[in-house]
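2 protein chains.
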Amino acid sequence: MNKIYVVGIGPGAYDQMTGKAIKALNDSDVIIGYTVYVDLVKEYFADKEFMTTPMKKEVDRCVLAFEEAEKGKTVSMICSGDAGVYGMAGLMYEVGKDYPNTELTIIPGVTAATGGAAVLGAPLIHDFCLISLSDLLTPWEKIEKRLLCASEADFVICLYNPSSKKRHDYLQKACDLMMQHKSPDTVCGIVGHIAREGECEKVMTLKELRDTEVDMFTTVFIGNSQTKKIGGKMVTPRGYKGV
Amino acid sequence: MNKIYVVGIGPGAYDQMTGKAIKALNDSDVIIGYTVYVDLVKEYFADKEFMTTPMKKEVDRCVLAFEEAEKGKTVSMICSGDAGVYGMAGLMYEVGKDYPNTELTIIPGVTAATGGAAVLGAPLIHDFCLISLSDLLTPWEKIEKRLLCASEADFVICLYNPSSKKRHDYLQKACDLMMQHKSPDTVCGIVGHIAREGECEKVMTLKELRDTEVDMFTTVFIGNSQTKKIGGKMVTPRGYKGV
Chain R
1 MNKIYVVGIG PGAYDQMTGK AIKALNDSDV IIGYTVYVDL VKEYFADKEF
51 MTTPMKKEVD RCVLAFEEAE KGKTVSMICS GDAGVYGMAG LMYEVGKDYP
101 NTELTIIPGV TAATGGAAVL GAPLIHDFCL ISLSDLLTPW EKIEKRLLCA
151 SEADFVICLY NPSSKKRHDY LQKACDLMMQ HKSPDTVCGI VGHIAREGEC
201 EKVMTLKELR DTEVDMFTTV FIGNSQTKKI GGKMVTPRGY KGV
Chain U
1001 MNKIYVVGIG PGAYDQMTGK AIKALNDSDV IIGYTVYVDL VKEYFADKEF
1051 MTTPMKKEVD RCVLAFEEAE KGKTVSMICS GDAGVYGMAG LMYEVGKDYP
1101 NTELTIIPGV TAATGGAAVL GAPLIHDFCL ISLSDLLTPW EKIEKRLLCA
1151 SEADFVICLY NPSSKKRHDY LQKACDLMMQ HKSPDTVCGI VGHIAREGEC
1201 EKVMTLKELR DTEVDMFTTV FIGNSQTKKI GGKMVTPRGY KGV
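Top to bottom, those sequences are chains R and U. Letter 153 of the first sequence, counting from 1, is numbered 153 in my numbering, and no numbers are missing. To convert a position in the second sequence, counted from 1, into my numbering, add 1000.
None of these hints come from the bench; they were simulated from the model. Computed from a predicted structure; not experimentally measured. Note that CB positions come from ideal geometry on N, CA and C, so glycine has one too. Honestly, I wouldn't trust all of these hints.
Stated by the list, open to error - Far from chain R, by Cβ distances over 12 Å, these chain U residues were calculated: (1) Lys1003; (2) Glu1043; (3) Phe1045; (4) Glu1049; (5) Glu1152; (6) Lys1165; (7) Gly1192.
Claimed, not checked - Pair by pair, the computed Cβ-Cβ distance ranges are: (8) U/Trp1140 - R/Lys42: 46 to 52 Å; (9) U/Glu1199 - R/Glu144: 34 to 40 Å; (10) U/Met1055 - R/Asp98: 44 to 50 Å; (11) U/Lys1073 - R/Lys42: 35 to 41 Å; (12) U/Lys1071 - R/Glu141: 28 to 34 Å; (13) U/Arg1196 - R/Asp47: 32 to 38 Å; (14) R/Asp98 - U/Asp1169: 21 to 27 Å.
All chains should be modelled from the sequences, with the hints used to inform the complete structure.
Quick look at the structure:
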């Protein structure tokens, strides 16, 4: 049986990888990933073979991993954050249907929602939703529906991919939708470059978030009706019945 | 400034802790937590002082941490999974209002949603919600509303605390609510004792899940309309526009 690890390397810093992820990479002959993620780990696994494919070439990247495994190499496919949260784990199973002699092992990691939450304080704590604003593979109507339903049910919402060159006004559109159900004064926060050089965070209201420019390396948090600001931190209580 | 780390130790196994979490525990004089979690880490940090409080004594546990920190000790408050996902990070900020000379550092970890997902395959991948079925601090009407809204918007749903002695029929009630919008054939999965002794998983339909008994150590996953079973694994695609 050939072996591929699909590894979540966490938000970026080496010390936010799990022991299991480090062991998988050490056990591998070749480490495959998107260029940016490979650059994050390269220095710590200097004796390994590295292979990259650019963004939007995810299927090619999966095929590459299976082809290398078929040569008898142990392969790690790396993803930033968690391998199963907007990561490669799903596509690897789909492409893997053509490679029945290869076994996949998924190794979880710290995703941007929890990595970013730790920087802001404690914004999640209770029930929350992750929503990606990228409409590359999802119709925008579906994203709209999710923003509305999640707001109506008073979830804390964490947004991935809040912006890109082509989608510079998506966060603004999302905030307008959420404000149909959430107060403009809802406590929100943004974190950029989590656990990497240039990490930065800011707590603000939903109204202010609407008019904030963010880039694709930003993770956005919108509180629920109970979320508050305590000493500059964004904090959601455990429930609705007091401490 | 006194120092407290609020540390997510991951789902259970030592090798699923991050390097940063291990370092925080090594740097600490005293490690505080719920008895079950302290037992999970005790053997790896044998030279530390350990203090525990039972379940439902979370406020006491926070006060204990701040009191120990005021004595000049470096304290780690540990949580299973991630410190900010149904963890102690929020309550620590709230209780911390009375202890202005103590600084909190939150250290994220692998939460049951992503740890369990890795065992089942790739159930999350796309937009998802976490919902706790515990109505200890949240009115059941709020939980119902969230189950309905999340189902209506075709989120993948991950349920925490799906059952307890007093709430043995909550999962059944939740499944009935979700089936108002999700097909009874929706692919679902359960994982028990993630990354601990006795880890077990099962993939089934939503209709089957409704009649399944689970315990409080189980994490439950309900797919979206695209989720499928591939080679026994639960896999959600990246979007709605094909691979």
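Hint by hint, here is what the structure shows:
1. For U/Lys1003, the non-interface assignment is confirmed: its Cβ lies about 15 Å from the closest Cβ of chain R, beyond the 12 Å cut-off.
2. Every CB of chain R lies more than 12 Å from the CB of U/Glu1043, the least distance being 15 Å, so the non-interface label holds.
3. Consistency note on U/Phe1045: stated as away from chain R, and its beta-carbon is indeed over 12 Å from all of that chain's, at 14 Å minimum.
4. For U/Glu1049, the requirement that its beta carbon stay farther than 12 Å from each beta carbon of chain R is met, with the minimum near 24 Å.
5. Chain R draws U/Glu1152 into its interface by the beta-carbon criterion, the shortest separation being 6 Å against a cut-off of 12 Å.
6. At roughly 20 Å from the closest C-beta of chain R, the C-beta of U/Lys1165 stays outside 12 Å, upholding its exclusion from the interface.
7. Residue-level check passed: U/Gly1192 sits 16 Å from the nearest beta carbon of chain R, beyond 12 Å.
8. With their beta carbons about 50 Å apart, U/Trp1140 and R/Lys42 fall inside the hinted range of 46 to 52 Å.
9. With their beta carbons about 38 Å apart, U/Glu1199 and R/Glu144 fall inside the hinted range of 34 to 40 Å.
10. Look at U/Met1055 against R/Asp98: about 48 Å separates their beta carbons, and that is inside 44 to 50 Å.
11. Range check, U/Lys1073 to R/Lys42: Cβ separation about 39 Å, and the 35 to 41 Å hint holds.
12. Separation of U/Lys1071 from R/Glu141 is about 57 Å and departs from the stated range, judged on CB atoms against 28 to 34 Å.
13. Remark: the range hint 32 to 38 Å for U/Arg1196 to R/Asp47 is upheld by a beta-carbon distance near 33 Å.
14. Checking the proposed 21 to 27 Å range against R/Asp98 and U/Asp1169 shows it is violated: the Cβ atoms sit about 43 Å from each other.
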